[in-house]
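Asker: Using the sequences plus the hints, can you model the full thing?
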Amino acid sequence: MTPKTLYDKIWDAHVVHEAKDDTCLIYIDRHLVHEVTSPQAFEGLRLAGRKVRAPEKTIAVPDHNVPTTSDRSNPEKMTEDSAIQVAELDKNAKEFGIHYYPVTDIRQGIVHIVGPEQGWTLPGMTVVCGDSHTATHGAFGALAHGIGTSEVEHVLATQTLIQKKSKNMKVEITGKLPPNVTAKDITLSVIGKIGTAGGTGYVIEYCGEAIEDLSMEGRMTVCNMAIEGGARAGLIAPDKKTFDYVKGRPHAPKGFQWEAALSWWKTLYSDKTAKWDKVVTLIADNIAPVVTWGTSPEDVLPITETVPGPDNFKGAKADAARRSLKYMGLTPGTKLSEIEIDTVFIGSCTNGRIEDLRAAAKILKGRKIREGLRAMVVPGSGLVREQAEVEGLADIFKKAGFEWRLAGCSMCLAMNPDQLRPGERCAATSNRNFEGRQGRGGRTHLMSPAMAAAAAIAGKLTDVREMS
Amino acid sequence: MQKFETLTGVAAPMSLVNIDTDMIIPKQFLKTIKRSGLGKNLFDELRYTENGEENPDFVLNQKKYRNSKILVVGENFGCGSSREHAPWALLDFGIRCVISISFADIFYNNCFKNGILPIELPQEIVNVLMQETQKGSNAQITIELENQMITTSDGTCFSFDIDSFKKHCLLNGLDDVGLTMEKAASIDNFERQSKIERPWV
Chain A
1 MTPKTLYDKI WDAHVVHEAK DDTCLIYIDR HLVHEVTSPQ AFEGLRLAGR KVRAPEKTIA
61 VPDHNVPTTS DRSNPEKMTE DSAIQVAELD KNAKEFGIHY YPVTDIRQGI VHIVGPEQGW
121 TLPGMTVVCG DSHTATHGAF GALAHGIGTS EVEHVLATQT LIQKKSKNMK VEITGKLPPN
181 VTAKDITLSV IGKIGTAGGT GYVIEYCGEA IEDLSMEGRM TVCNMAIEGG ARAGLIAPDK
241 KTFDYVKGRP HAPKGFQWEA ALSWWKTLYS DKTAKWDKVV TLIADNIAPV VTWGTSPEDV
301 LPITETVPGP DNFKGAKADA ARRSLKYMGL TPGTKLSEIE IDTVFIGSCT NGRIEDLRAA
361 AKILKGRKIR EGLRAMVVPG SGLVREQAEV EGLADIFKKA GFEWRLAGCS MCLAMNPDQL
421 RPGERCAATS NRNFEGRQGR GGRTHLMSPA MAAAAAIAGK LTDVREMS
Chain B
1001 MQKFETLTGV AAPMSLVNID TDMIIPKQFL KTIKRSGLGK NLFDELRYTE NGEENPDFVL
1061 NQKKYRNSKI LVVGENFGCG SSREHAPWAL LDFGIRCVIS ISFADIFYNN CFKNGILPIE
1121 LPQEIVNVLM QETQKGSNAQ ITIELENQMI TTSDGTCFSF DIDSFKKHCL LNGLDDVGLT
1181 MEKAASIDNF ERQSKIERPW V
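Residue numbers (this note's numbering), protein chains in the order written: chain A, 1 to 468; chain B, 1001 to 1201.
Below 20 Å or equal to it, Euclidean Cα-Cα: the simulated SDA-like pairs (lysine to any residue) are:
1. A:91 to B:1034
2. B:1034 to A:44
3. A:165 to B:1162
4. A:314 to B:1015
Partial chain A-side listing against chain B, Cβ under 7 Å, derived:
5. 23
6. 85
7. 88
8. 132
To be clear, the hints were calculated from the coordinates, so they are not data collected in a lab. What you are looking at is a predicted structure, and each value in this text was computed from that prediction instead of being measured. Glycine residues also receive a C-beta, built at the ideal position from the N, C-alpha and C atoms.
Answerer: Encoded structure:
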């Protein structure tokens, strides 16, 4: 038998039809839906008189627009257009009979946190969502990627997608991570190495000891940002940690179905002699706590470094660096650890899970954030929030001076009222530092939750290793 | 979907690399439940000042590029979010073709669903076309999809590659959902088989 990669195996198990030119029709096992990229797709179904083909495999939750303040169930707290989008999702979920977690449900949260939490995401599945961070679900050994609204409509109507197979890339992280270096530092360092277009046309499989050592939540952080490296999807082979995480979740298989699933899941790994189109290796020991300095996720450096200048780059990248530095208000040669911040945002589908909150709270315990700083924690789901309250993390955050918010995407993309003002500088655990991403003129530095907590205390970007 | 056969128009340059979908259409405009009307906010934060006035330096605000139908752009165009609002905004503005060394995967796919042709070409050719755009409204570029050919104002021709299925759909303005519906029997079969092999899904 031809040796296969994990991606090959999942792909082969989902081909409904293959045309002569290799264009395939791929079956979709789970379709996650949120309020921003779905209204036009449902409207398309309605106009064509079509139904949702597999409503039992379709799960909707509002997350992008929703306010995170405690009075949010009052629609007046939303702008009119946000309220309309959320109301549309309410209506569409009911009309088409799909699974739905409304804002008032404790299980509501960011779609990529809710999916795994509720056991919708399982190894070997194909998972799509009209959101680029669908890559998150790859942590389970599920082939998961973002799609546009036309494709959302296509999946709703047919439960399939028209696709051509991507190439296989292996990203191996060898050895063990040093203390205080996290999954976020791995994923940002990989992007720093391959660039934001480095993964274009590929599906990445992350492997190696440092990846195996990560918890499921850490693995989700790594896969979440595969898209920032340009890859269609990120994958990690499922193992005992994966199976233990999944077992007993509300929508995970049970009884004899669990046994049947498990025996298939255990075959989901890349064969030793599988062929890779590209291999990238990083040594875990060389990975440091990192931050971004520019307006692309590839603009990443260890916190011990200084702000680079345009001369450090060639051609169009030098122009991009010049523009980034101007936008970010930074001078080349400045120590990254001297950059003062105004805001701290802990949350997002990248780092809004319970372990992320634990990591931040560990640094914040018994400490206060710098006076005058705006700091907020936005848990990734209502259940993460509840768990953090039970564990006393919420008290640590509040005592330190953080706002303790309700679940949603929040300041990661600033579609709700949580936004940066022009020129405001933010230490963020989210995934994109694009111009205007967190609010027009806002300046974003990406980092891990522990690093964001350290920055909150110091009021500037800080090496967490000096604080823990 | 609007067919794409032959397009002749002015091409505007945007040489910046990694132009992301937040730049193409900022999030505040994603709150619409329609596909239309986004053209006025295309490249909003580059195109308008904070007061909402036109930024005279921005390429599409310059007289010679106001009616551009083609963009020649830096590499990795359309990176970031999956928002189809990005091609919707381009289309609504009147852009039917984008030329670059490389595109982000989801954006590239989204273009084809909306009658926009993204063309990938080697750096040398993109450089030539970028030069060509400097002629402004004096330089009409013609793109023929059937022959996969770009012709500049001085008659220089460049061929380009494109996936045959995507080309077929674009030439004929075909709706993917309709095409897939014709394969309903294959989907039924797959689901029957899947119920036996992976009943937990």
